[in-house]
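Each chain sits in its own coordinate frame; assemble them with the hints.
In order, the protein sequence lines correspond to chains U and S.
Sequential numbering from 1 applies to the first sequence in my numbering.
Sequential numbering from 1001 applies to the second sequence in my numbering.
Calculated directly from the structure, the hints in this document are not laboratory data.
Careful, some of the hints might be misleading.
[Stated by the list, open to error] So these bits of chain U aren't anywhere near chain S, every CB distance computed over 10 Å:
no. : residue
1   : Phe-85
2   : Ser-290
3   : Gly-301
4   : Phe-361
[Stated by the list, open to error] Subject to a maximum C-alpha distance of 25 Å in a straight line, what follows is the list of computed SDA-like cross-link-like pairs (lysine to any residue):
no. : chain 1 : residue 1 : chain 2 : residue 2
5   : S       : Lys-1007  : U       : Arg-360
6   : U       : Lys-463   : S       : Ile-1155
7   : S       : Lys-1007  : U       : Lys-147
8   : U       : Lys-437   : S       : Gly-1012
9   : U       : Lys-183   : S       : Arg-1002
10  : S       : Lys-1007  : U       : Phe-292
11  : S       : Lys-1007  : U       : Thr-446
12  : S       : Lys-1143  : U       : Ile-13
13  : U       : Lys-147   : U       : Trp-44
14  : S       : Lys-1143  : U       : Thr-446
15  : U       : Lys-263   : S       : Leu-1003
16  : S       : Lys-1261  : S       : His-1239
What you are looking at is a predicted structure, and each value in this text was computed from that prediction instead of being measured.
Glycine included, C-beta positions come from ideal geometry on N, C-alpha and C.
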Amino acid sequence: MLFNSFAFLIFLIVVFTIYWCSNNSLRLQNTFLAIASYIFYGWWDYRFLILIFVSTVVDYLVALGMERYADQRSRKNLLGVSIVFNLGLLAYCKYANFFIDSFVDAFLFAGFDIDSPTLNIILPVGISFYTFQTLSYSIDVYRGEIKANKDFLAFMVYVSFFPQLVAGPIERSTKLLPQILNKRIFSYQEAALGMKQILWGLFKKMVIADNCAPYVDQIFNSSDSLHGSTLLLGAVLFSFQIYGDFSGYSDIAIGVSRLFGIKLSRNFNNPYFSRDIAEFWRKWHISLSSWFKDYVYIPLGGSAKNKITSIKNIFIIFLISGFWHGANWTFIAWGAFHSLLYLPLFLLKRNRKNLSEHPRFKDLLPVLKTYLLVCIGWVFFRAKDISQATDILSEIMSESLFSPIEVSLRVLYIIALILILIVLEWLNRTHEFTLEKLGNNWNMYTRWSFYSTILLLIAWFAKTGTSFIYFQF
Amino acid sequence: MRLYLLKILKFGLFAFTFLFIFGSAIWINIGFTHGFLANRIEELKQIAHPDVLFVGSSRCYRGFDTRIFAEHGIEGFNLGSSAQSLEQSYLLLNKYVDEVKPKTIILEVAARSLEADGIESTLDLLANVPLDKELCWSALTTKNPQTHLALMAAIARQILGISPTFRSSSRDKYVPFGFVERVNQSYQDNKKFVANSTYTNVREKNVESLDKIVEMTAKRGIKLILVQVPVISQRYKTHADREAIDEFFSKRGYYLNFNNKLSFLTSEYFFDSSHLNNRGVEVFDELLISTLRKDGVFDF
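Excised from the complex, chain S in its bound form (with noise of 0.2 Å):
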């Protein structure tokens, strides 16, 4: 019995060292990469009160380009990560609103950012975004193994002093301040979707996150926008609690849909069935202006 303990304990302690050295190397040289996230934060450095910081999942750094905003004098900054739950953009947030202070946030949000366990998200912070006791606690409460070893690559990565691969893309070009666009491609309406509505899984925890980014930006004076950008109409009309989702944010603050504003839109302004290819971000994007021009929120 001594013998078998003696040898569980030796084994644990290999594995242990096993999976931190391999883990590491792998995350370390895999790690999350093609949301761009790591450009972002680099850049980030160099922004100071910007007009406005956008936040959210790939639908909002795929779908705010910062370029039509400058051409409207406003300056923003994309802060969106590949799918950012609400627990993730809180995170975000807290870590960086008072180095940038924003003069407005518009929050992308869906019924998707309500309901995301959020592990693709903690996996693509770890790997791109300085640890910090937060970030460390909330990948370790995800209780995923994945996040665990990212984890651990991230502190090795950290303890190293090793900067996050830097990577592009053949499909997709960064472009600076945050936004990444996918030029001419439509999306191939190939794949029909299911009859059968699907109703929102809520997670409180993005709830309670939801509620902290309300709570932050009223105590520091700084306009929050809640906004649902685009996808594709058939997709979006399989969620069947689209209204309960409406009023859900509309009682959060100032809340648009664009699905409903904009869903003429077909597949040629969509490179797939959730994101816009440059036709699509470019109706969105003026459109967005304009109203959010129209509502007194661009008066500065």
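If we strip away everything but chain U, and leave its shape as in the complex, we get (with noise of 0.2 Å):
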């Protein structure tokens, strides 16, 4: 069930509906939230749904038993359970015919020719991302940053909340866990955020992401024959894509969530107007870096050791951010593209520099310099193999990039849109989404006028039956 559809629209007033009307008792609201995420799960296929409940028992199951053991070595072998089967599950599912496929070509480069098994596996749609959230509680609950939770259907919700559910934010349970196991009062502020947020997704889904889209595919599908200023054109649109997909969905997921009580993470703070890579990693799908950050990156022993260490800490992570996204070579050297932007600023110590201040106009230059750098990222993660990626970043640094571009002019009105989306993101960069507070000062109607005005453009310029890019990964 996609967000941008007319089911969900329905599912989600009926599941409001029930959800408000449970007489404020904590169990019902959480009775109909796990009934509600399991059905819009189950949406995409039934079989999903034993996958996730067995994760979410074993992960319960493992937590009541480090809290039951005090010894830390049966503590270590339980999360050693947790571990094993939340990675092993991911790794069947979406990485065996990446490691057949590469273990074969290793031996066809040796000069062995082996046939190769091609498993025919369904990827469960949102597996990386609620692995990694019931991974994260079982860690949290190893380390004692969080106690076992004894409630199952609470452990349900957390795992299985079905607004995040299939493409974040990824949850810590220290967040997300307490709200689920205390009763939600309705608030008008917040269901008034989440309607805006909605609203704001909604339009950098369907009127930015879906109409880059066709264009995206046209010119990364014919690359070979167009000239570097249509490539880079189309880099540049695919980064408006996929930030518009993903930044969308986020904001849709947020929204939802709000209408139930329940606040989720910041995924995205305006990556692209980072001054630099660090402080686009700080601003891009927020989740998934913080994750790296505390589960892998700090243990590995994070920039504390020596400067060796800390480099290759800063390589694996990249790597693995990269190979997270899927089994393609293409996602890996996407991460160490980005891994050997940070470098420098890591071994210049300027690694953190803009952490606070929000940037400004005289910012101008390194914010387009960072986006450039991050349009050249793209084309490796949507270019179908590495020599596809290598092509077109060769024939845009050719004397071809000063050639016309070679695609519709209709285009010209995707990019109008783009521009009203990076002034609007702009001009309310210090807000944590945009809509937040632009129009509070307006009178009701303007506001209301305002808001009407970005539906019509969303009919204007919808799709049908177009599926969020992260649902993939």
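Below is the structure:
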């Protein structure tokens, strides 16, 4: 069930109504949320429900076990069970064929021709997100940062909470579980903010991302016959497609969650206004970056040890981050490319330079430079293989960069819409999301006309049946 | 909670009215006029019993020149519209066939007419054709907010009695009886076609509509001819399932594929990769007429 579908609208209205009619009973609220989340997830494929249920049971029991046994060895063994189960599940569903193919290629390279079995595995939607969420719970219990939760129903809701189930934000148990364990009281302010955030998310997804998509496909599918100028336009359009798609999804997820009285973490903070790559990584897919930092980078020693270990850790974290996106060398190359951009900042101790202040207009040049580097990275991310990515980049770097662009003039509409997005996001960059405070001082009818204009744009530019890019991860 | 629901309800009413007024206003002013469908619908009122009625997409209204047919003593009317899928062809025929009573129907077909989602065509029809139950239903079932908005505009237009705006184009010339001419422009072959072949994604609704057209014409004793208008050969070759498509249409009736017969046409005969220019139309129409005469279609 897609957020941008009619089925989801009906689903949301029904669940919202039943949920708040539950007489403010915590048990009923959680029961409805669990049922709704399982219906939502089962809508894709009912077989996925078995996986998520087993994953929930394993981590629930592992955490209770860790609470029960005081000795470190038993606790460590139990944590090992959770890690092996969750990562094993992820590795099997997502990476099995990649490893088989890579082994076959390696043997072929060495001169041995072997038969390659291809497993027919369906990748369960959102598996990368919920396995990381349950894994973080087990690790937090092991570290003693949170007590094991005895309420199985609440834990089910924690793992399967439908707004963030299939594409995040990846929530920490320390933040989400306490909210699920407490009765939610309806808040007019939060629900109103939720609606505004949903509206803005839909705009980014349905107007920006979905309308960039056909041009991006057209350009990347015929990249071998296009000039550098058109290919650069393709990379720029893809940067807004993926941003609109994923940050749009996150905004809708956070907004929907707000309607149910649950506050999710911020996942994007205007990443394209970053002044350097380090800042970009603090602002893009925040919940995943911080997950890797807390559960991989710091346990590996982070930057506390010597320089060589720190550099190794930075490489590892970026490569894993790329690999998390999918079983393809293009994602690994994307991660490696970003690690190469990050390392100089780290070595010159400039990676924490832009920590607090928001970018200003005088930062335009570093912002543009960072954006351009990010776009180059996106070419690896979007290309079908490494050779296509390098071909595209070498064409962009050639003199054909100055040739006329070879796509339909209709693309100008999309560029105009992207400019509207950039201006609105820039003007509201200090707020949690663009519409949070925009229009608060206007009179009601002006504000409603503004929201209706966004609805009109959504209706005008909407395309049917478009999925979200991050569902495949 | 009550306050919230009340506010949502009020905003919902406000937004609906806003969309209705502004959405309709934009559609009424912009509409879909580049295919000249409104002109055809207006002219159609004066037509009775033509020898041949052409139906199909822009390849139809840019491919069948009624003047060339007239030179051969064949009275034709072109009812093509932009990106017309078979579903919309059926809608138009169902609406007008008993009024016009043609002797022959030439239905322009291609792989695209089987896979088209019909959204662009529905927008065209909503902007230019008087509404009826079938058209409203078709617009609603596309599940596309843009067509829903256009439907609102069409309802507003109908209620207010506003006629579609007639527009001329600097590049195209509308010729009476439905043909649209693009002269003295050749296709600048600056775009190579992707080597990877594509397969046709057949939409069930289009297949059903084609079967209904076959049934409708048979019932009324109208000859039905399915014709593929040539596109530039490099483009045609990107379709991997050309033979399967030929087989599919051949099973439905008398079918001619001019992509095979006129594969020698170079970019000089097209103004873009899928539309003939005036030179191309002349070659194509002459060959079509002689083929149909030879096969005894125009023996009236």
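So, going through the hints one by one against the coordinates:
Remark: the non-interface label on U/Phe-85 is consistent with the geometry, its nearest Cβ contact in chain S lying 40 Å away (cut-off 10 Å). Here U/Ser-290 stays apart from chain S, with its beta-carbon at least about 33 Å from theirs, past the 10 Å limit. No Cβ of chain S comes within 10 Å of the Cβ of U/Gly-301; the nearest lies about 47 Å off, and the non-interface call holds. No Cβ of chain S approaches the Cβ of U/Phe-361 within 10 Å, the least distance being about 33 Å, so the stated non-interface status holds.
At most 25 Å may separate the alpha-carbon atoms for a hinted pair to count; S/Lys-1007 and U/Arg-360 exceed this at roughly 37 Å. Under the criterion of a C-alpha separation no larger than 25 Å, the hint pairing U/Lys-463 with S/Ile-1155 is consistent with the structure, at around 22 Å. Restraint check: the Cα-Cα separation between S/Lys-1007 and U/Lys-147 comes to about 41 Å, which exceeds 25 Å; the hinted pair is violated. For the hint pairing U/Lys-437 with S/Gly-1012, the CA-to-CA distance comes to about 21 Å; that is within 25 Å, so the pair holds.
A threshold of 25 Å between alpha carbons decides the hint, and for U/Lys-183 with S/Arg-1002 the separation of about 19 Å falls inside it, so the pair holds. This hinted pair does not check out: S/Lys-1007 and U/Phe-292 have alpha carbons roughly 42 Å apart, beyond 25 Å. A threshold of 25 Å between alpha carbons decides the hint, and for S/Lys-1007 with U/Thr-446 the separation of about 15 Å falls inside it, so the pair holds. At roughly 19 Å between alpha-carbon atoms, S/Lys-1143 and U/Ile-13 fall within 25 Å of each other, so this suggested pair holds.
Distance check on the hinted pair: U/Lys-147 and U/Trp-44 sit about 33 Å apart at the alpha-carbon level, beyond 25 Å; violated. Restraint check for S/Lys-1143 and U/Thr-446: the C-alpha separation of about 30 Å exceeds 25 Å, so the hint is violated. A distance of roughly 21 Å separates the Cα atoms of U/Lys-263 and S/Leu-1003; the hinted pair therefore holds under the 25 Å criterion. For a cut-off of 25 Å, the pair hint linking S/Lys-1261 to S/His-1239 stands: about 17 Å separates their Cα positions.
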